[in-house]
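**Q** Chains as they are written, first to last, in my numbering: chain A, 936 to 1053; chain B, 10 to 954.
No wet-lab data here; the hints were simulated from the structure.
C-beta atoms are modelled at their ideal positions from N, C-alpha and C, and glycine is treated no differently.
Be careful, since some hints might not be right.
Said to hold, decoys possible - Here are a few chain A residues that face chain B, going by a calculated C-beta distance under 10 Å: (1) 950; (2) 953; (3) 959; (4) 960; (5) 964; (6) 977; (7) 990; (8) 1000; (9) 1001; (10) 1010; (11) 1023; (12) 1033; (13) 1039.
As the list claims (entries may be wrong) - Derived coverage of chain B by chain A (criterion: at least 3 residues anywhere in the stretch with Cβ under 8 Å from a Cβ of chain A; other residues may be distant): (14) 755–761; (15) 824–833.
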Amino acid sequence: MEILLSLVIGVLTACGVYLLLRAQTFPVVLGLTLLSYAVNLFLFASGRLVEGRPPIIVAGQTGYADPLPQALVLTAIVIGFAMTAFVIMLALKARAELGTDEVDGQAEGRTEAEGEGR
Amino acid sequence: MTLTLVVLLPFLGAAAVAWGSRLGRSSAILLALLVVLMPVILVLSLLDPLAAGETRIERFAWLPAAGLNIAFRLDGLGLLFAGLILGIGALVILYARYYLAAEDNLGRLYAYLLLFMGAMLGVVLSENLIQMLMFWELTSLTSFLLIGYWRQREDARTGARMALAVTGAGGLALLGGILLLGRMTGSYDLSVVLASGDLIRAHPLYVPTLLLILLGIFTKSAQFPFHFWLPHAMAAPTPVSSYLHSATMVKAGVFLLARLFPALAGTWEWNHLVAGFGMLTLLTGAVIALFQHDLKGLLAYSTISHLGLITVLFGIGTPLAAVAGIFHIINHATFKAGLFMAAGIIDHETGTRDMRRINGLWKAMPYTGTLAMVAASAMAGVPLFNGFLSKEMFFGEAVGVANAMALGWLLPVAATIAGAFAVAYSLRFVHDVFFNGEPIDLPKHPHEPPRWMRVPVEILVVICLLVGILPALTVEPILHLAVSAVLQGPPPVHDLAIWHGFSPAVLMSILALGGGVLLYAVRQPLYRWWDSQGGRLDFRRGYERLLQALLTLAGSVTAWLDTGSLPRLLRLFVSTALVLGVAGWLGSGSPVTGPLNVLPLDAVSLAVGLALGLAAIATLIWHRQRYLALVLVGAVGLMVALIFVMFSAPDLALTQLSVEVVTVILLLLALYFLPQTTPVEPPSPRRWRDALLAVLAGLGMSLLTWAILTRPYASIAGFFLENSVPGGGGTNVVNVILVDFRGFDTLGEITVLALAGLAIFALLEQLRLTSPTADGLGRPWHWDRHPIIVSSLVRLLLPLALLVAVFILLRGHNLPGGGFIAGLITAIALIMQYLANGVAWTHERLPDKMHPSIGLGLLLATLTGLASLLFGHPFLTTTFGHVHWPLVGEFELASAMVFDLGVWLVVVGSTLLILIHLGLMHDATTARDSGAQRSSGTSSPGRGR
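Work the whole structure out from these sequences, hints included.
**A** Written out as structure tokens, the structure reads:
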């Protein structure tokens, strides 16, 4: 089971990173979303995998899933939404002001060439 | 409290004066003097116990966990300096009123002066060393404002920047020294540090500590080779120079020398470093001063020289030398403040400060001339003036060193030479300006200044004379107190008298006087010689080259890192993370797989995992078709929720599920304004590089997760699980952590959420977007705007959905649910109405402003936290844990619920604020585009039906 989750997190990260490195705003937002899933799952996994024992106290039961990573991830999910919303609004703003959805306000090749030429 | 007020009042007063100066110059000066008077009265009220030898210390808890207190201290040394700062400050305020031209903003100058005064008082009255350092840095900052007061002038800006750079860098070194001191003694309290002199001097870290602290002191007190900033600071208005370079700013350095004297002095390193650099400064300053043609330049280098003298005295390190050092601090402050003010009067009256042009002023202003003569005599060390007494003591101490140290004979020689130059430049100040022929081409016709402009100089000159003639009656009591504080013990036997009988010191004085007159007599050839040297001792160029090199380095690093390209920065970020991660793992040498047993794999999990991975990869493949990609991302999110269900995290699953819905709606709304497809990238090595980077990152995360999952760990979860019911009164531990154990975190998180919502609202306010009427293939965007079945069904669903939200909110403390989830469900229920019925229709029926909801939510959550303060417990503590069941059980439950209600309000408010306003824009643009088709929002439900 653990190896499956590890692979899932890896695939999410890889897809997220690749999309994050694209030059248009929308793929970057998609990449950010995928990366958030990966990070949330990773944080959650730091509490190890426990099946069928949610951290809800029941008399007589011992051994629960670790509630702390869950609490952290819960707020992280909500904050992640706020962040996604903010980024997409910035993208809209850039689109309105610059008339393009390139993340650098222009085609990436040009910026790169200028940047590396410096 | 009294001492604290002494330090705080000038800061508060600065704001009052800045504001009050609108009422005119007179009210500005009255207010400013009043602000100075109040601390004076407060200090006077503390005088009696102080005279009895008591040190007053006031403490307030600051960071008690780190052993840090806000603490103020008043002893003899602090009293002396507070007196200088307040007394000369008051005179400078009076003087500035007449000095400053009508077009200059007097209120701003006064405000800066008072801020500076507060900072200086903070330095000399601090008990805690870290706190002292903060005030120390504040003096650097405020002196920057003061030196750059005439901000339209380039030399003022350069001078201010230079002073800030040099003293600021020194402050950084001083911080290091203080931290080391704190480490050695275990405390930042001055009382402790002063009492641990032996421990500090024997410590292996003594030398680095001393070097760092001396760096701070030398830069502040303009000691060689850092002296170059001081002459450039002369670009300040003369009242400012008069204040900064006589009694305050530069004296902060020698103050610290005196303050830390018991803790650091008495070693070989101290003697040689402090006395050595002091001697160099004494000589360089005195020599260069003679060659300055600028009136203030002469005084600036003379100040450097006198600071060197004081430094030498503390470097000599005998108790008597300390007495002389403190005495000279007082004397220098009085005569130098008076001289600067006299220079300001001359500048004010003649319109220039060039001594080659100002000559023969005696005829025009004999009164100012007399005042300047007295002060200059004190500076030269002529008998009957205060400067003579301390200089004589200095000569005596220098002779003492000659026998005690190797190369000690250098000191009396240097002292005599510097003394001769001091006499020469003082002579120049008087003779060149007031006699020496006729004035040459002055911009103004000079005459005596206004009455009240002379008063501050008169007061200072009278003090010079009184102390010079009757030292035992005037200065002895305060000197006694200050020296006791410096030495942390009774002062040595000393006799402040004009005549002690013949001694080597008297001989040196005579030599200096005669030599000075001689030097001045041959000044013309000397000037020519100096000018032919072309300023070889100019350290400014070195400073500028260093600064330029630093700026170039910083600029090139920034330019290399940030080319303004986001993908480039992200690539750099991911690569760095990878390199660091791999390096860390290789360094640890531990295997990837840990000892923990793994759970067995089942078919359903495998299927979900496969589907998730495929959906993610499909998103990647089809990401150019943005709607498809969005649907796929939604699918990924839902399966992530399933993972949470599988591994015992029902709260997370619920949250993920509801967030997924709002995220997809949000992205859908946004996509309306963005291109529907992403253009195909031209094939380039960059794509392969990105792909490689992505695969490596994924691989790294997989390995890391695997390594973590197969290792046992010690968790603090036990505490939460055990205390959730008895301490927090809820069985859903995750929720209890959110609203109780880590409630403060949650408060911070909902604040972030609220801020994001408001920021997005602000972004959208200004936004003008053009909306397309058809998609990429030319199909119109909608045939049926609000299908009737959807809108009817969704209206029916609303009460049901809200009921579910309330249920989830209420049960959250004991079963999966809570404010976050309930808030998201509520938001979705309402957004469904907007989607199905149109924004305008819904807008009419629902409160359209979400800001109050956000504000109310934050307020509720904060008030719940504050309520616990009323019960005498820390912020956000539940009172429950401290009282017994069953009565207070209900009480606790209520308090946590109120907090959760706050969370709920913020989540609903922020989410709706974001989505509705994006939706409104959607509506607005369609309304604009379709023009007459839709008169107002109300027509849309009609069409829907």
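**Q** If a hint holds in the structure, say so; if it doesn't, say that too.
**A** Consistency of the hints with the structure:
| no. | hint | in the structure |
| --- | --- | --- |
| 1 | 950 | holds (4 Å) |
| 2 | 953 | holds (4 Å) |
| 3 | 959 | holds (5 Å) |
| 4 | 960 | holds (7 Å) |
| 5 | 964 | holds (7 Å) |
| 6 | 977 | holds (6 Å) |
| 7 | 990 | holds (4 Å) |
| 8 | 1000 | holds (4 Å) |
| 9 | 1001 | holds (4 Å) |
| 10 | 1010 | holds (5 Å) |
| 11 | 1023 | holds (5 Å) |
| 12 | 1033 | violated (12 Å) |
| 13 | 1039 | holds (5 Å) |
| 14 | 755–761 | holds (count 3) |
| 15 | 824–833 | holds (count 4) |
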